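Student: Here is how the chains run, residue by residue.
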Amino acid sequence: MSAAASVRELVKRYPKAPVNAVDGISFAVAPGEVFGLLGPNGAGKTTTVGILTTRVRPTSGTAEVDGLDVLRDPVAARRRLAVVPQRSNLDRSISIRRNLLFHAAYHGVPAAERERRANELLEQFGLLERADSKPDFISGGQSQRIMIARALMHEPAVLFLDEPSTGLDPAARLFVWDRLRELKERGVTLVLTTHDMHEAAALAERVAIIDHGRLLAIDTPQALIRSLPGKATLELATRIPPDRSADDLLTATRTISGVDAVESVQGQPDGDGNGAAGEARVRLYVSGDAALLVGPAATRLAEDGMTITDVALGSPSLEDVFIHLTGRALR
Amino acid sequence: MTAYAEPVRAQTQTGAFVAVLRRDLYVTGKELPVFLAQVILQPFFLLFVFGKVLGSLGYTQHGYSNLLFPGLLALTAVITGMQTLAFPLVLEFGWTKEIEDRLLAPMRTGLVAAEKMVFASLRALIAATLMIPIGILVLGSIPWRWSGVPLLIVMMILASVLGAGLGLVLGTLVTPNRINVVFSLVFTPLLFTGCSQYPWPSLSSLPWFQVITACNPMTYASEGMRAALVPGVPHIQPWISVVVLAGSIVVLSLVGIRGFYRRAID
Chain A
1 MSAAASVREL
11 VKRYPKAPVN
21 AVDGISFAVA
31 PGEVFGLLGP
41 NGAGKTTTVG
51 ILTTRVRPTS
61 GTAEVDGLDV
71 LRDPVAARRR
81 LAVVPQRSNL
91 DRSISIRRNL
101 LFHAAYHGVP
111 AAERERRANE
121 LLEQFGLLER
131 ADSKPDFISG
141 GQSQRIMIAR
151 ALMHEPAVLF
161 LDEPSTGLDP
171 AARLFVWDRL
181 RELKERGVTL
191 VLTTHDMHEA
201 AALAERVAII
211 DHGRLLAIDT
221 PQALIRSLPG
231 KATLELATRI
241 PPDRSADDLL
251 TATRTISGVD
261 AVESVQGQPD
271 GDGNGAAGEA
281 RVRLYVSGDA
291 ALLVGPAATR
301 LAEDGMTITD
311 VALGSPSLED
321 VFIHLTGRAL
331 R
Chain B
1 MTAYAEPVRA
11 QTQTGAFVAV
21 LRRDLYVTGK
31 ELPVFLAQVI
41 LQPFFLLFVF
51 GKVLGSLGYT
61 QHGYSNLLFP
71 GLLALTAVIT
81 GMQTLAFPLV
91 LEFGWTKEIE
101 DRLLAPMRTG
111 LVAAEKMVFA
121 SLRALIAATL
131 MIPIGILVLG
141 SIPWRWSGVP
151 LLIVMMILAS
161 VLGAGLGLVL
171 GTLVTPNRIN
181 VVFSLVFTPL
191 LFTGCSQYPW
201 PSLSSLPWFQ
211 VITACNPMTY
221 ASEGMRAALV
231 PGVPHIQPWI
241 SVVVLAGSIV
251 VLSLVGIRGF
261 YRRAID
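Taken in order, these protein sequences are the chains called A and B.
Just so it is clear: in the first sequence, position 83 is 83 by our numbering, and no numbers are missing.
Just so it is clear: in the second sequence, position 88 is 88 by our numbering, and no numbers are missing.
Simulated from the structure, these hints should not be mistaken for lab results.
Some hints here could point you the wrong way.
[What the hints assert, rightly or not] Quick list of simulated restraints, FRET-style, between CB atoms:
| # | chain 1 | residue 1 | chain 2 | residue 2 | range |
| --- | --- | --- | --- | --- | --- |
| 1 | B | Leu25 | A | Ser315 | 41 to 49 angstroms |
| 2 | B | Ile240 | A | Arg13 | 42 to 50 angstroms |
| 3 | A | Arg13 | B | Ile153 | 46 to 54 angstroms |
| 4 | A | Val11 | B | Arg262 | 16 to 24 angstroms |
| 5 | A | Gln266 | B | Val18 | 51 to 59 angstroms |
| 6 | B | Thr129 | A | Val11 | 46 to 54 angstroms |
The model shown is predicted, which means the values in this text are computed figures rather than measured ones.
C-beta atoms are modelled at their ideal positions from N, C-alpha and C, and glycine is treated no differently.
Okay, chain B solo, but in the shape it has when bound (with noise of 0.2 angstroms):
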């Protein structure tokens, strides 16, 4: 302990946001039965009302749950990616601070607010995976299409980083004497407007509200999720759900990553 005026060795802020990275993934791994809960028990109970129950008693049609599982993976993507994100750091920037010690890790404000978005993205991505199991044990059996599989990774990445996105943006957004408002404001209507539970073609029927679900850009994820299995449900075309998702994802980044330094530097 004499060293104190030694300068501090050279080292990269990929090192930081590493160190930043493991943090996060340490404390995920000892709280792991409550993120799995966290991220489960939401799409499981409604596979499993709308998959099962309502197809069991005939208020559904045969083959409902073909068209929900999908949804499903989007929606769990979606909204865990907005949650691991959204609710920490609104209480980490209007609360606990728990937020400055890494702001003041010697790498750029924007890395800082990079890492929370793959950190959700990573555990977005996670949830997706684990309901695909669930899905199999809930419903006996899920789509399934080996031919598909390219474009339904390629749809949980998009998805999950979306989320991410979603959350960054409220995340900065929000005061934490605001939250509840905001967020039975923002997410009830994004959890029923992406189009997890019906097919976007479908509601041509319904247009007003066909046009409402072409704005929120889950439904692209939920539409290409079922491109890639169930393609004979009719389906927005994959590549237009590819750019309307890159696309979302390129702005809420651009427009989160400002709010956070907004947070972050008086």
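If we strip away everything but chain A, and leave its shape as in the complex, we get (with noise of 0.2 angstroms):
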């Protein structure tokens, strides 16, 4: 069986960009499966599905989508695939319904037919109330529903969709994941790009985690957390004197007993990553219990002077893939 959408040595090159926002990407996608693309923004996700959705022309490698090469028959791949954009490009000229009908229309849905799954579509994304008026002033959950509602119209093979729920409440959030997980029930294949590991690891069924333009490590979310060192972690924020480096503090915590791994850890989200004001932080993985690590931790990095400032204790998760591959957080 062939794959629902494929790449093969992918490469895109925008004119004037200094490197390559796709690096030689390839990849599979199951019929019926979800599969994620994981990685920071600007990783060359979006790039990616661009081309797969025959909106970038690659500067070389081919890309498929249902078998149908997207740059010898675009149109022809436009049939059976859809695109769930993560900011709205709804119709704002025309009600919530009518853009449901009229890109059936635009797909040559017959008209009879239009009307029953725009009915059905509208009911089962919750849309019914609102479906007669334009969608002007709507929140970003509701505008994300409708464009998944909008791409079902013309049962596409393949649905591609862009930061599902980024920017969305958490109700809404859980709402769309139970209307993409409905789609998996019936057999649509689903893409999705995400920076979010959350999204990932409680949608795809398998994740290729992508940065720099390069695919980095492609498997079940399962697997890739087994594939790192140890079965728990232990980040320390540490405040290092100043005769000491981070590189000592990444010494200092490998020779602790029962630490399998250590990774100094960048770029976090509160700014704080290394250097500043002799601050460092690092990760260690564990086979055991992690809190049992902190104790013998802070004797042993207080011999060389250093002192622990934060403790967090987690089992592995995404996020801790993508730091081990490219020793720094996502965001």
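Dock chain to chain to rebuild the complex, using the hints, since each chain is given by itself in its own frame.
Tutor: See the structure below:
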């Protein structure tokens, strides 16, 4: 059976850009699979999806959707795919219902069938009440729902979603996730791009981790997490005296018994990375109970004059996989 | 809703084209009063002030309104075609992204641009046609020659498509943050160098301006309309006007569709 979507040796360099936005990516999405492209903003996810959805021309390489070469036959490929962008691109001149109806008309769905599907989808996505008003002044969650319903009007084989729940409140997010899971049950192939590891872990059966236009790893979230050195993590923020460096911190923590691997963590959301006033963060991968290592770690670091200022315990997540692969946090 | 994996029924690109055109016509139909006000107001006031008021006050010669009216038909067609296409296109590409759903419709990207031109031409044609009863209302009578009607129709169509072509080129060239500057830099000169308010041959006393106006394709639309309705006024030979307009349309369409591809596909 051919892949629902695949790219081979895909390269995209934008004019005047110093580096390739996509730099030799290959993967194949199986029919019915929920596939996640995980990476920070600017990693090349959106460009990859842009190529698959006929909106970006690759510099080299091939891309196929449902067995159709998107470069050679973009018109046929468009019949088989649908796109839900991150930002609303709804037609503001016509009602929500007509957004759905006209989309289906563009795709050649007969009139009676259009009406039937629109009613069904409007109900399923909780949009019936507002169906006949224009999509002005609606919340992000609502426009996301309308765009997914619209995308389904021509019954695509593959649905591409760009950051499907970014910026939504928790309830709207869960609603969208539930609808996407229902689609999966029906056998629709979903390809989502996200920089949100929760979203990737909650929805995707397989995840491709992308950074700087390159594919770093591709597997199920469980397998990716299992590939990490330890079973639990212990993150330490440490104050380092002037005569010591962050490398000394790594060396010191590596000698603590029960620690499988150590890596420094940069680019924390609070902006408190390395170097700031003698602070450094380190992540320990441990096989036993991470909490039991806080004491020994404090003792060991004190020998070198370093003090722990913050402790975080965790079981590894996709975020840790990303940090492990790139040495940087996702956001 | 169980048939997602089933192949979508075969459908021609023409079907998609027609559906997109129907969407535009539907929106126009719903916003008819706005559409009418938008297209009629400017030529109405031009006609009223230059044709009626100045004439009644004795500032313009008798018969000026006969000369002005065909020019305003050309102006209305060109400006309406241009506005219908350029303004929304700039916003759709640069800001609302509304065009994306149509770019993902199963038809060649060039057809999406072609649909824009067909729709803008249709609106321009309607606006120009509406100028005829408005002219009768404002001026009391308009210059009319049944034998000139075939040429008039050809000119109305060419002027409408010309406006659409100008709109497509502008709309794909301009980014939203520069829309104001570009439109005032392009629009106003185009409006006043298109010979709608004066016949081109009479400019021989202002040779430099005659050269400038000869470079504006709208000039040939105005002149062609005069050839159809008031052949007594000196005008450019109709066949020259037709050839120049057709040539301009071909060039503008090619440049516009190229620009459209550039904006639609990275």
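Student: Within 51 to 59 angstroms: is that where the Cβ-Cβ distance between glutamine 266 of chain A and valine 18 of chain B falls?
Tutor: holds, 56 angstroms
Student: Is it true that the C-beta distance of threonine 129 of chain B to valine 11 of chain A lies inside 46 to 54 angstroms, as the hint says?
Tutor: holds, 53 angstroms
Student: Taking the CB of valine 11 of chain A and the CB of arginine 262 of chain B, does the distance hold inside 16 to 24 angstroms?
Tutor: holds, 20 angstroms
Student: Please test the hint of 42 to 50 angstroms on the beta carbon pair from isoleucine 240 of chain B and arginine 13 of chain A.
Tutor: 48 angstroms Cβ-Cβ, so the 42 to 50 angstroms window holds.
Student: Looking only at beta-carbon atoms, does the pair arginine 13 of chain A, isoleucine 153 of chain B fall within the given range of 46 to 54 angstroms?
Tutor: holds, 51 angstroms
Student: 41 to 49 angstroms was suggested as the range; check whether the CB atoms of leucine 25 of chain B and serine 315 of chain A agree with it.
Tutor: About 58 angstroms separates the Cβ atoms of leucine 25 of chain B and serine 315 of chain A, which means 41 to 49 angstroms is violated.
Checked against the numbered hints above, the structure breaks only hint 1 and satisfies the rest.
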